Each structure stands twice: as C-alpha cells, then as structure tokens.
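Take the two lone chains and join them into the complex the hints point to.
Chains A and B, in that order, are what the protein sequence lines are. Using UniProt numbering, the letters of the first sequence correspond one by one to residues 1 to 112. Using UniProt numbering, the letters of the second sequence correspond one by one to residues 1 to 722.
Check each hint, because a few of them may be wrong.
Said to hold, decoys possible - Derived DSSO-like pairs (lysine-lysine); straight-line CA-CA distance at most 30 Å:
| # | chain 1 | residue 1 | chain 2 | residue 2 |
| --- | --- | --- | --- | --- |
| 1 | B | K526 | A | K49 |
| 2 | B | K526 | A | K67 |
| 3 | B | K458 | A | K66 |
Don't read these hints as lab results, they were simulated from the structure. Note that the structure is predicted; figures quoted are calculated from it, not measured.
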Amino acid sequence: MNITEQSINGVTVLRADGRIDSGNATEFENALVEALGSGSTRLVVDMEKLTYISSAGLRSLLIAAKKARPGGGRIALSAMAPHIREVFDLSGFSSLFEIHGDAGAAVSALGG
Amino acid sequence: MLLQTRIILFVLATVTVVAGLLLGFSALREDAADRRAKELELARLDTSWQLAVSGAAGRIDQNLGRLAGDAEIARAVEAEDRGALNRRVSALGIVPASGTVPATGGGLTDVNLLSESGDLLFSTDPALDPAPLLNRGALDGILSGQKLARGVRLVDGERLVVVAGAPIYAGTGTGGGAGSGAGVAGAVVAGVEFKAALDVLRRTTGARVFAVARNGAAIDGETDPLWPAVRVLVRPAERRIATFAEGGRRYALASLPVADLAGGRVATVLIAGDVTQAEEEQALWSAAYVAAAALVLLGALGLLYGFLRRNFSTLDGAVKALQDLSHGRAMGYLELPAGNDEIGRIAGAVEVFRGVMREIERTAGQRERRLRRQQRFIRRQMEALAVTLEEEARQNLLEELRQIEAETHDAHSAQSKGVGDELGLLALGFSRLATRVSTQQVQLTQMVRDLREALADKRRLISLQQELEIARTMQLTILPQVFPDLPELDIAARMIPAKEVGGDFYDFFPISEHKVALVIADVSGKGIPAAFFMLITRTMLRAIAESGVGPAETMRRVNNLLAAENEQMMFVTVFYGELDLRTGVLAFSNGGHNPPLRMTADGTVAPLERTPGIALAAMPDMPFGERSVTLETGDMAFLFTDGVTEAFNGEEVMYGDGRLVDAVARQREAGARNGLDGVLADVARFTAGAPQSDDITCLVLRWRGASPAPVAAGNPAEAAVA
Numbered sequence: 001m002n003i004t005e006q007s008i009n010g011v012t013v014l015r016a017d018g019r020i021d022s023g024n025a026t027e028f029e030n031a032l033v034e035a036l037g038s039g040s041t042r043l044v045v046d047m048e049k050l051t052y053i054s055s056a057g058l059r060s061l062l063i064a065a066k067k068a069r070p071g072g073g074r075i076a077l078s079a080m081a082p083h084i085r086e087v088f089d090l091s092g093f094s095s096l097f098e099i100h101g102d103a104g105a106a107v108s109a110l111g112g
Numbered sequence: 001m002l003l004q005t006r007i008i009l010f011v012l013a014t015v016t017v018v019a020g021l022l023l024g025f026s027a028l029r030e031d032a033a034d035r036r037a038k039e040l041e042l043a044r045l046d047t048s049w050q051l052a053v054s055g056a057a058g059r060i061d062q063n064l065g066r067l068a069g070d071a072e073i074a075r076a077v078e079a080e081d082r083g084a085l086n087r088r089v090s091a092l093g094i095v096p097a098s099g100t101v102p103a104t105g106g107g108l109t110d111v112n113l114l115s116e117s118g119d120l121l122f123s124t125d126p127a128l129d130p131a132p133l134l135n136r137g138a139l140d141g142i143l144s145g146q147k148l149a150r151g152v153r154l155v156d157g158e159r160l161v162v163v164a165g166a167p168i169y170a171g172t173g174t175g176g177g178a179g180s181g182a183g184v185a186g187a188v189v190a191g192v193e194f195k196a197a198l199d200v201l202r203r204t205t206g207a208r209v210f211a212v213a214r215n216g217a218a219i220d221g222e223t224d225p226l227w228p229a230v231r232v233l234v235r236p237a238e239r240r241i242a243t244f245a246e247g248g249r250r251y252a253l254a255s256l257p258v259a260d261l262a263g264g265r266v267a268t269v270l271i272a273g274d275v276t277q278a279e280e281e282q283a284l285w286s287a288a289y290v291a292a293a294a295l296v297l298l299g300a301l302g303l304l305y306g307f308l309r310r311n312f313s314t315l316d317g318a319v320k321a322l323q324d325l326s327h328g329r330a331m332g333y334l335e336l337p338a339g340n341d342e343i344g345r346i347a348g349a350v351e352v353f354r355g356v357m358r359e360i361e362r363t364a365g366q367r368e369r370r371l372r373r374q375q376r377f378i379r380r381q382m383e384a385l386a387v388t389l390e391e392e393a394r395q396n397l398l399e400e401l402r403q404i405e406a407e408t409h410d411a412h413s414a415q416s417k418g419v420g421d422e423l424g425l426l427a428l429g430f431s432r433l434a435t436r437v438s439t440q441q442v443q444l445t446q447m448v449r450d451l452r453e454a455l456a457d458k459r460r461l462i463s464l465q466q467e468l469e470i471a472r473t474m475q476l477t478i479l480p481q482v483f484p485d486l487p488e489l490d491i492a493a494r495m496i497p498a499k500e501v502g503g504d505f506y507d508f509f510p511i512s513e514h515k516v517a518l519v520i521a522d523v524s525g526k527g528i529p530a531a532f533f534m535l536i537t538r539t540m541l542r543a544i545a546e547s548g549v550g551p552a553e554t555m556r557r558v559n560n561l562l563a564a565e566n567e568q569m570m571f572v573t574v575f576y577g578e579l580d581l582r583t584g585v586l587a588f589s590n591g592g593h594n595p596p597l598r599m600t601a602d603g604t605v606a607p608l609e610r611t612p613g614i615a616l617a618a619m620p621d622m623p624f625g626e627r628s629v630t631l632e633t634g635d636m637a638f639l640f641t642d643g644v645t646e647a648f649n650g651e652e653v654m655y656g657d658g659r660l661v662d663a664v665a666r667q668r669e670a671g672a673r674n675g676l677d678g679v680l681a682d683v684a685r686f687t688a689g690a691p692q693s694d695d696i697t698c699l700v701l702r703w704r705g706a707s708p709a710p711v712a713a714g715n716p717a718e719a720a721v722a
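One chain only, chain B, in its complex shape (with noise of 0.2 Å):
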C-alpha cells in the first residue's frame, strides 16, 4: 500500500473518531438542553395551568367577595343562624338550585359557609352531612386571615372542584376593613368545575387539553380527535412531555399531575401542543448541521488529498527516478523540483546520486572501450601466436578465438556481464593457449629428443653402412674379377651380396703348373668381422693349397690353424677342389659346405659326393676326407652357396635343392656365363623381389676337355693375377 494511501486512511481513520466523539458530546448535549427545555416547558405549561386555575378561581372571587361582604350573612354567620343564611343566599341567587348543574357562564357550583369556630353553617351540598369543601387545615388559614385558599379539590371522592375560599369579617358592611384578624367572624368557600380551569388553559395557551382522573380514565377531552393517540401515552403519575405523530402532524404532549389542596395527585392535565414546524425547523438545522459538517470534512479531506498527491508526485518522481537508477537508466531525464524541506532534499540527493551513476556509466563505457581495444590487440597478437604453432594447433586456437568471441558478443546485452564476463573468457582463452603452448612445448621437446637419438641413429647407421662398406670392399677386393682365359675350361662366378653383407666368396687360382683350385665358401657372421675372417681364410687357403699337400691335408690344416685363434667362434663352410688341366680329375674336400653339381654332357645333374668334414673353424683336430671325380669334355660343375638354395620368396617358400636342380639343367647348352645368368634369373623370377637375406653366391665351370698340347705358352697363375 502507498505511503500517501495510508495516510489519508490515516486521517480519515481519525477524523472520523474525532468527529464520531464530537457528535456524540453534542448528541449529548443536545440531549442535556432537551431535558432541559423540556423541564422548562414543564414549568411554562405548569404556571399556565396555575394561572388557569387562577382565572378560575378568579370568577369564584366576585361571588366570594358578594358573599363575603354581605351583611347579612355576615351577621347571620357571627350568630351562626344557618336559616338566616339559607335564606339570603337564596335571596343573593349565587348559588345554583340544590342538585342543578351550574351554568357554565362561570357559576358556581358549590358553597360553604362556615362559623369562625370552623363548623359548616351552610353547603349547597343538600346531603344530610355534607363534608366541608376545605380540610381543617386550609380552613385555619383563612380563618386567621392570612392567606387565601385557592386550588382544586376532589369532592365526595369523585368530583373535581376548583375552589377558593375567603374570611367574612365581622361587622361586614358597617366599614369595617379587612386587615383586622380580630375581626373574622366566619369564612365563605366556593368552587366552580374543574373544566372551567381546562377552558381557561386553552384559551390562554390555544393548545388541546385533556384531563384524566388518578386511575387513568379520562375526565376531559375524549372526544377532541387526538384522544385515541393520546390516550396511549398517559401517564398519569408522571410529570414529563412525550411526542407523537397523528394526521401527518407533531405533537409535544406534557403530562402535569394536578395536586389536592390537601395534598396528594387527584388528576392529570395533558397538554398536547403542535410542534411539527418546530421539529421541522430541527430536523432542518439538523441536516444543515450534519451536511455543514460533512462538507467541511470533506473539504479538508479534498485539501489534504491534493496536498499530499502534489507533495507525493515530487515524491513519487524521485521513487521513479531511483528506480530508473537502479534498472541501469540513467540517463531517462526527469526534473524534479528543488526545495528546503524534505522532498526536496531527498530530489536532490536523487539529483545528485543520478549524476554519480551518469559517472560511473561513463566511466564504465570508457573501462568497456579500453578492454574492448585491449582484447582486439591481445586477439591479435594470439593470432599472430598462433600462426607459429603447428597447423592443427592453430587451426584449434582460432576455433576457439572465433568461439570466445561470439560468446562475447552473446553477453554484449548486458554490459557489466559482458564486461567481466571479457575478461573471464580472454582468461579462458590464455589458459587454452596457454595449455596448447605448453603441450606443444612438450611435444617439441619430445621431437627434439626424438630427433636426436634418430640423429644418434643415423650416425650409428652411418658408421655401420661405413662398416658394412668396408667390409663389402674387402669381399669385393678378394674376389677374383677377372679369370684366366684357359682353353680347357669356361669359367664364370658372380656374387650378389645381401644388403647386410654376408661372408660368402669364392676363389679361383693355379696351384701348380698343372692345376688349379677352385672354392667356393660361406663365412658365419656378417660385417668386417665375417669381412676379416673371410681374408683370413682365404690367404690361409691359397698358402697352403700352393704347398700341394692335397685337399684333405690343406683343410686340415686350415681348419686348425682358424680354430685355434677363434674366440669369435666363427666357422666357414667351405668346398675346395684342384682341377688337373691335364687329365680333367678333380680332387675335392668339403667342409660343411653344400655339395657342387655337376651336370654331364647328356644333361644329368648330380651332386658331388659327399666328403667327411666340417664347417672350418668349428673345432680343431677334425678329419677331412677326399674325392676325386673325373670331368668328361661338356660337363658343367655348378658350386653355389647356400644363399641360393636358401632364398626365400615372398611366402616363406626356400627356393630349395629341387628348383636348382631343374634351373642347372635347363642350362645344358649354356656356356658358363651364360648358364650363371640363367640359374640367377630363376633364382630372381622365384623370389621375385622378396628381401634377400644372404649373399647369392654361384661358380659355374664348363670343362672343354683336357688340352692336347702341355700347358706350356701361359702360366695359369700369372693369367690368373691379371
């Protein structure tokens, strides 16, 4: 509810206890003037009614004073001559006729006359004992002269008199003045109807009179039309004034209980009044009054109302004002008014707490600028960081740039967010980039160190393929490149070298004028050192086969003097045989080594035997054995190297003794370099390009037959060193 809502409840709330207690004091009051108006019209009405009994008892005081100042009833009552008195009261004709209802020309109705002593001399009561009109008590009075009796009387119990009692002094008529107490000689008491005073009242107040016995039951007036509303309202003990409505008129009906002279209430006279203008006139000012009022209250309310909405809409604009403040419009203009007392200040302090927000937005849009400038220039130089990370990793960093940056532009609705939430999403940023730098950093690191042992590698690959150089060079070096054009024989070998070389070779030199070795090996091991032993063993060989100590003798000797030294345990299968050019006989040793073929002019192919032996180097103190086969003129001896029958092919199948076989045969009508290449190409064909892992060795020799001349014009040996 609004402050000024509950004020004017406020007021009104108390305004209208203050006015309920105004009126109801008034009500108060105005009750206490009633009562008192009432009483005051008791009183009027009252000394209304005695005057009417006054004038009543006025017309009694003429025949009083015609009675009382008759000489003759004055001295008939001094001698007390009751004949005397009937007779001139008679005579005087004031009296009405014994048992006649007086006139109401104002006549009376009753007389007495009474002695000085108080004994009832005469009475126009015609009973036989009639009771005085005044008690003892009223009748003392008279008779000591001081006071004059007037009021009403009930009489015999049921007639209501108005009565008035004078002294009949002595000496009546002969000068004698009253004044003179001595002289009461007797008394005289008259009455007249009670209705002669209810005339009298109604003259003199022109109001409608009724009158009701003690009991209740009316004595006058029942037949006046008000009598049936009347008659409700009679009460007859109590002195007061009621009001009723009769006939579309007010009535004021005062109710005056009527004493006995002797004391006690013996009728009632109720006096009913027109008062419909009067409340009329009442009810009128009653309303002016009431309507006075309520305007005035009104108009107070009205002022106040006005007031308070002129003083709350300053009020009211600094609330709005505050509230603008407070939903972040600062700027909305609204002039509030300047003042000295409260409203004013506090429009003021509003005026003033506006222009500390219209502050701060400024400096807030300013703070935004300066971010917004420091965000573009960190978006940059995050750009420019960017382009040096790896593609991916860049390609991430501008994802999320573009990201943020969106989000930012999202959150731009609401400034201060955006403005904080910024900086949170830069943060956000920085910390990507920042963990993407770091785990860059890490994997560079890794790919430095990864770099560098493949650098270590390398070198040591590098000084292995040196190695392995080194080592192909001695195999290449102690090859026989060129062989010696003999006629008895065609000779051709070639050597196809693993990619790690292996420590296969082949020799081919005179060892006498006569004959000349030939031998094929394979070295255990790769590298210089299979290189080294490879040299070893073949020097060794050529020393001692130049010896002629035989095949046998010369592995023998081989065998023990490698094995002797072989810490390595390296071994080398070898087959060495000594051709005699002379006679074709060639005399063989095998060391472990795979069996030469042999293929004979009609195109079988056979093994050579087989030799007790084993690879050299293995063991010392071994025996050798020794065979010797004759070659007829064609025949083809085909040694190889387990390099060829060993050669796998893509499936893991070996190229095998079978396939060779076959391949030498197909060669029956090669020569020996020819036949060389063909074994070689079946070889490739099988393996079709499938790794190689040992060297391929092979020396073909195709004998022509022995020379029929000596060998006398070229030194084989020397032939064989060119």
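Chain A with its partners taken away, still in its complex shape (with noise of 0.2 Å):
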C-alpha cells in the first residue's frame, strides 16, 4: 500500500494504492487521521488504484468518519473498482459513507 497526499481547492485527496489489509490497516487509519487533522476537514479517500481492501480497512474508513463527525469534517470515498464496490456494498457500508464516481466529482460535492 501507499499513500499520497493531495489538496485540491481546500479538499485533501488521499489517494492510497494497492491492497490495505490488517497488516497495513493501521498505517492507513493513521493518514486518515492524520490527514483529518482537527476541525471541519474535508477528505476525499480516492480508490482508483486500490486493489484489495478487508475489513481491516473498513474498520479504518470508519473510525475516521467517526472522529470526523463531531468537528463537522466530511468523508468521501471516490473511484472504486468493482469489487471493491461490491465489499463496501455487501458491508452495507456504501450507506454510510459517500461515494462518487471520480475525485473531482467527490472534490466539487465537498464543496472544493
């Protein structure tokens, strides 16, 4: 997995590639913290490259919605392939986060 960091019209872009399972899940949790920062943050998580993601990461995605709730921060997740699509719909996760198509689509319903 790897990680870079982008902001685009005051929107962070994370764009994580490869796979995130429970053994990287916990760096991924942490540039998403981190990213998030404090405040009313708003984060994209692009998955365009993204080939695998277990439940670890689910878990990652939502401990960072969670701490982004209270400060009035907002998550968006953009570009997913197919079956990560469909373990975020099977999850029943696509419900509690938005999804968009691409990154710039997920940047402008931010508000970037």
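Okay, here's the thing in structure tokens:
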C-alpha cells in the first residue's frame, strides 16, 4: 500500500493504491486521522488505484468517519473498482459513506 | 691525497728549494773564485811576460855593458864627438850594419848614444833626423842615474822593440865606479826585436803565444795552427782570459795588453794554454759533486720515505681499524703496536674504542636476543588472544602476525635496523590488534544491544503469542465442537484460523422447540479485542435470538447494543438465520456478510437474496431486513466468510466467488462433512501454500427434509449443548 496526499480547492485528497489489509490498516488509519487533523477538514479518499480492502481497512474508514463527525468534517470516497464497491455494498458501508465516480466529483461534492 | 704523500712531496719541494739555493750560491761562489783564479792567472802570465821582457832586456844589458864600459865611447860621448862614436861603435861590431835585419842570436837592432844633455849623438837609424828610442822623461831617469829604463817601445810608429838604457859615466875605464851620479856623461839605449821577448815567453811558459798590434793586426804567431781560432777571440784592448775549443782540446786564451814605456797600449800578447785536462778534471769533480749531492739527497729522501712508511703503516692500521669499526666490524683482529709517541697513543685509543665497540655489539646482541624472546612471548600472547576472536578476525590477525614475522626476518640482515624495526612492526601489530579488538568490542556491544532488543522483541512476541493463544482459545471455546444429530439436517462447520487470529465464528443453537439458529460472522480486527467482541456478539445473539423476535429484530437489537459502547469502532458482519425444522423455512437477516450459497437438488448454486442491513456495531439505529427461503429436501446451504473468497494464491489472485460456486457445485452428492472438506480442499489447492491472511470459516447444512413427526424425542438445544 502507498498513500499520497494532495490538496485540491481546500479539499484533502488521499490516494491509496495496492492492498489494504490487516497488516497495514493501522497505517491507513493513521494517514486518515492525520489528514483529518482537527476542525472541519474535508477529505476525499480516492480508491482508483486500490486493489483490495479488507474489513480492517473498512474499520479504519469507520474510525475516520467517527472522528470527523463531531467537528463537522466530511469524508467522501471516490473511484472504487467494482470488486471494492462490492465489498462496501456487501458490508452495508455504502450507506455510511458518500461515494463518487471520480475524485473530481468527490471534491466538488464536498464544496471544493 | 694521502698525508704520507703530502709530507713526502713537501719535503721534496723543500729539499729541492734548498738544494737549488745551495747550488745557486755555490755557482756564484765558484764564479767569483773563477774570476779570482783568472785574475791570478792573468797576474801570473803578466809576471811571466815581464820576466820575458826582462829576459830579452837582459840580452841587451850585456851589449849595453860593453858600450857603456868602453872608455873610448865614454870619452867621445863626453866630448860629443859623433865621428869618434860612429867609428868606435862599428869597431865593436855590436851594432848591425845599417839597414840589415839583426840576427836572431840576440843581436841588437837599435842603439842610441846620447849626451849628458840628452842630445842624440849616435843612432843606428839611418834617417837624417832619427827619433830617439826613449823619450825625454825616461831618458832623464837614466841620465840622473836613478833608474834603468827597460820596456817596449814603438819605434817609427810601426816597429816594436824591447829597449833598455844605461848611463855612461865619465872616466869610465879609469876606475870610476858607478854610483857617483855626478859622473854621468851620457846614456846608451839599445833595443832588440819584440819577438825576442815573445820567444822567451814561449820558452818560460811552454804555451802558444801570439801578438797583435793595437789595431788587432797579427804581429806574431799567425803561423800557429791555433791562430784561426784565436783570431776571432782577439780583443786588443781587454785584459782577460777566454776559453775555446780547437781540435778536440780546450784552451784558455789570456789576453795581455802591452804598454809602451812612454805610456799607452802598443800591442796585445795572447797566451793560449792547454786546459783540457784541467777542465776535464773539473768537470769530473763537478759531476762527482752533483752525483754525491744527488746520492745524499736521494738517500735522505729514501730514508724519509722508509721512515714515513714504517710510521704511517701503523697509522694506516689504526685508520683501517677505525674504518672497520665504522662499518660495524669490531671483531676484525689487527695488531697495533704500542708506543709512547703520537701514533702509539692513537693506536692505543683505537684499541680502547674497539673494545668499547665490541662491548656495545655484545650488549646489542644481548638486547636483540632479549627482544626476540619478548617478541616470541608477545606473539604467543597475541595468538592466544587471537583464539578468542571470531574466526575471520582471528585469521586476519594470524596473517598479519605472519607478515610481521616475515618482515622481521627480511630486516634481519641489517642488525641495528632489525632491532628498531622489530619494535616498530610489533607496535604496528599491536596497533592492528588493538584496532581489531576495539572493532570487535564495538561489534560485540552492538550485538549485545541487538540481542537485548531481540530478547525484548521476543518477550513481546511471546506475550503477543500468549495473547494470540488466549484469543484463539476464546475463539475455539465459543465455536460449537459437536453438532446435534438431527434427522432433518446434516451439518458440519470448520474454522481454519489465520496465523494471527481473526474474528470469524459460527454458531448453531436451538431457539425454540422447532427452530434452530444458524450464525456465521466475521469480526473486524484481530487478537484479544476481536475475540472479546466475538464473545460479546455471540452471547448477545444467543440471548436475543432466544427471545423469539425474529431475525431482523434480533439483528437490530444486537446492533444497537454493540454500537452503543464501541470506542474501538469494531464491527462484525453477521449472517443470521432461523430454520424451522418442521417446514424447512429459513428466515434470515444479513448484516453486511457474504450471502450464503444455496445448492438445490439439481445442482444449481445461487446466493441467498440480500437483505437491507450493514455490519453490526458500525452505526446504531440502522434498519435490518429479513427474508425467508424454503429449503427443499437435498438442498445444501453453504455459509462462509470472506476468508474463503478472499484467499490469495502466490500470484496475488483471489479465490473469488466464481471458484467457490464451482467448488460447491461439485459437492452435489456429498454429505455436509465431505462437501465442506471438498470445498476447503479446493481452496487449499488454489492457495497452494500461500500464507493465509484471514480466518477461513465454512458452515455446511444439508436439508434432509422435514421430520414426519413432530420433534418430541429430543430437545435440540440439549443435544447442542451435549
């Protein structure tokens, strides 16, 4: 897994590529928490290059979402591959996150 | 240049200078002596000449006596009677006839008779007014009776005559004696040929006599064979001695100018004496003198050389001994003579020095032996030390030791250098050893630190493993090991834990008299927290399910309970179903879990319909749906976790739903246990030993059909517990 961070129109975009599993979920979680920082940070997690995400990765997203919620921060996900989308659909997490077709749309949706 | 040579050259130069000076002075002195000898010789010859003149004059005197003693002549002179004189003189026959050449017998050539007043009374000269033989001054001497004049006179400006005069006394022949000056009446003067004197000289000296006129013209002796040689040496005015060689003989030619009685030089007499023998003797003496001097000189030099050689050989010996010492050969034996002189003292000093050098060498040898012993000791110690080092360092150290030893042996040729360098090499070896030991020390320290860290890691690992063990134990504890033996269904389940325990679990329990509950779930997270979460979820599910509120409500309640205190944000996907044993109706609710597969009797495999709902504990107050399906006899339900479909092989390829469906389809004839094993074997074939990252859990249920009679014989719950 490799994570890069970029800021587009005030919206932080995290790009994760490769696999997110129980071995590196903590790292993913730390990256998310750090990107959120404090306050009303708007965060897009772009999954265009992501090949696999395990339940540990879902949990990292859940933690990030919970942390963002009190400060008014928002998290959107973008550009999921079909099998990643299937994981979100299966677990019902699709209903917990905003999901967009690409990063640009996600950024726009967050007001960037 | 050697000192010896320098001394010899110096002495030679000095001797040469002294000899040169001596020879010079000697030559000067000899020259002076020669001059004196010549003067003496000239004086002797002069005397001889005077004697010769006197000899010639002596012959005149006899005739003078006859003339002066003749009484007739005396009277005629006294009377100044010229005629009487002429007659008497002719009568005596003493005087040659006029104009005739006088005989060599000593006859007079000229006669003059003069009066008391000096008048010429008689002359043999036939001239009309003949000149007197003597001038007035000489004549006065005779007339006064004081002196007899004799000498050489130039007559008529061309003829040389030896003349002598005597007084004529008055009364001569009558007894009047000479000495009564008053009695002088006149004078008689006679002359002979000049050659008469020369002849006398020849007789008295035995030498060859020549005479030249004042202008150098030969007078006498020109017939002599020596004349041509003499003639070139003629210096008429000089009184000297010259030498010349002629006919193999050497001659000394004395030149004596002859004075006229009246004064002035009128001729020169040359006397050539044979000096060959004398000169030869002198040359012989000179040669002998030079030879003797040279011999003495050479002898002296030879003695000096020998002396220097003898003394310098000792010095040479001392110098050689010193050179030997300077080249480090103190052992070379050389006998040096003792003595009290400087050389002896030098030899003594060299001997002492050599002794000191020998002592130093001996000490150096001892020191070297001691050094070698120390070196051997140190080498052994270093080898012993090397043994304690690790293999590579030890080999390096021993190699360096060998190298140092080799260098030591190389340096052995130069002793002193060897001793110094051994210490240097040893120091080098020690410094390398020290570096090596310190490096090793650092490595050891690092290793100890690493080991300590590794130990800590191991402790952590052990505690982690213990934790995992606990978690695994908890997981295994909650999993039903034995299923009730029910006639309606055949059931089998297996959980293959990942290395790090995941959160999969399954459950099967009765919830009422006719219903059993099926659960398969996957807790997000691992380890003890996941195990606790699993335990809590299972307990809640069992508790709420038994209240009989149905699958959806059960799920909703469990979700809310779990989400209420979920600081860890864990969640669990759950498939929960309730199977009515009487009808085969399976009512189920799915909380974000993989939908189980259903295989009908004809082998068709399809997932169960999805129901609304998400993973439990993720979010409270979430709606959950519920569906039901009626199982036909022979239907197989295959419940599984994502550990099955997301099993990866070595090429990072997921097993996936398709392969699972196919694998399940191949179990159409199998029982629950065999079907389970078949599918898991297929998964294992696929992964082919690739590391398992998640728990793999399956539960297989084959529906045998509803029981014909109501279930009365056994309580399924009791059976499950059993």
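Item to check | In rising order, the numbers of the hints this structure does not comply with | outcome: Violated hint (a single one): 3; every other hint is consistent with the structure.
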